[in-house]
Amino acid sequence: EAGVAQSPRYKIIEKRQSVAFWCNPISGHATLYWYQQILGQGPKLLIQFQNNGVVDDSQLPKDRFSAERLKGVDSTLKIQPAKLEDSAVYLCASSLSSRDPRRNTEAFFGQGTRLTVV
Amino acid sequence: AQKVTQAQTEISVVEKEDVTLDCVYETRDTTYYLFWYKQPPSGELVFLIRRNSFDEQNEISGRYSWNFQKSTSSFNFTITASQVVDSAVYFCALSEETSGTYKYIFGTGTRLKVLA
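In order, the protein sequences belong to chains R and V. Counted from 1, the first sequence has number 67 at position 67 by the working numbering; the numbering is strictly sequential. With the second sequence counted from 1, adding 118 to any position gets you the working numbering.
Hints in this document: simulated from the structure, not taken from any laboratory. One or more of the hints may lead you astray.
Said to hold, decoys possible - List of simulated lysine-lysine pairs, PhoX-like, C-alpha gap at most 20 Å: (1) R/Lys62 / R/Lys78; (2) R/Lys44 / V/Lys221; (3) R/Lys78 / R/Lys44; (4) R/Lys83 / R/Lys15; (5) R/Lys78 / R/Lys15; (6) R/Lys44 / V/Lys156; (7) V/Lys221 / V/Lys121; (8) R/Lys44 / R/Lys62; (9) R/Lys44 / V/Lys121.
Could you put the whole structure together from the sequences, leaning on the hints where they help?
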C-alpha cells in the first residue's frame with residue numbers, strides 16, 4: 001500500500017516570496033492533516049480536513065497561509081508571503097477516521113517538506 | 119485543555135541498556151487514544167503503537183513495551199536492550215474526537231541517543 005506522498009522534499013525561498021506544498025494521502029483516508037514542525041519541537045497542527053471540508057484551522061495563520069483539499073483527495077498548502085519564522089518541516093498526514101472509535105486508525109505521515117526561508 | 123508532556127528532552131544510553139521514555143497527558147474526555155511515534159533522522163514520523171483509553175492492558179512488542187496507567191495519566195515507553203538504530207526522536211501523542219473526527223496533539227519529543 002502506498003504511503004502519504006509529499007512534494008517537494010526541500011525548498012529554499014527568500015522572505016516575502018510564496019511557496020506551495022503538495023500532499024497525496026493514502027487512498028480512502030478521509031482525514032488529512034497539515035502539521036508544522038519547527039526544529040526541536042513537536043508537530044503543531046495547522047489545518048485538518050475531513051473529506052474536502054475544514055474541521056480545524058484554528059492555528060493556521062490565515063493572513064499568509066492557505067490550504068485546500070481538491071475533491072477530498074490531494075491537498076495543497078500555500079504560504080504567501082513567507083517570513084523567516086516559517087522555516088520548518090511541513091508534514092502531511094492522513095487517517096481513516098470514524099465516529100466509531102473502534103474503527104479509528106493512527107495517522108500516517110509523509111516524509112515532509114523542509115522549508116528554509118532566507 | 120488537552121496537553122502532552124514529555125519532560126525528558128534528551129537521553130543518552132549505551133547500547134544494550136534499557137531506557138524508559140516518559141509521557142504524561144491531560145484530557146477531559148473519557149474516550150481518547152494515545153500514540154508513540156518515532157522520528158529518525160530522515161524526518162518521517164513512524165507509528166509505533168496506539169492505545170485506547172478503555173484498554174489499560176500493557177503491551178509488549180519485541181524489545182518495545184508500553185505502560186499505560188490512567189490513574190497517573192501516563193503512557194511510558196520502554197526499550198529493552200537498546201540498539202544504535204533506536205537513536206531517534208520519540209513523540210507521544212494524544213488523540214481526541216473533535217466534530218466527529220480525531221485531532222492529534224503531540225508532545226515536544228524526547229531525543230534518544232544510543233551509543234555503541
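Hint-by-hint comparison with the structure:
Proposed proximity of R/Lys62 and R/Lys78 is supported: the alpha carbons are some 10 Å apart, at most 20 Å. With a C-alpha separation of about 11 Å, the suggested pair R/Lys44 and V/Lys221 falls inside the 20 Å cut-off, and the hint holds. Taking the CA atoms of R/Lys78 and R/Lys44, the gap is near 16 Å; set against the 20 Å cutoff, the hint holds. Between R/Lys83 and R/Lys15, the direct Cα distance comes to roughly 5 Å. Compliance with the 20 Å bound is thereby established for this hinted pair.
With a CA separation close to 14 Å, the supplied pair R/Lys78 and R/Lys15 stays within the 20 Å bound. In summary, the hint linking R/Lys44 to V/Lys156 is supported, as the alpha carbons are separated by about 16 Å, within the 20 Å threshold. Between V/Lys221 and V/Lys121, the direct Cα distance comes to roughly 12 Å. Compliance with the 20 Å bound is thereby established for this hinted pair. For the proposed pair R/Lys44 and R/Lys62, the alpha carbon gap of about 15 Å is at most 20 Å, so the pair holds.
The hinted pair formed by R/Lys44 and V/Lys121 meets the criterion: a straight-line CA distance of about 12 Å does not exceed 20 Å.
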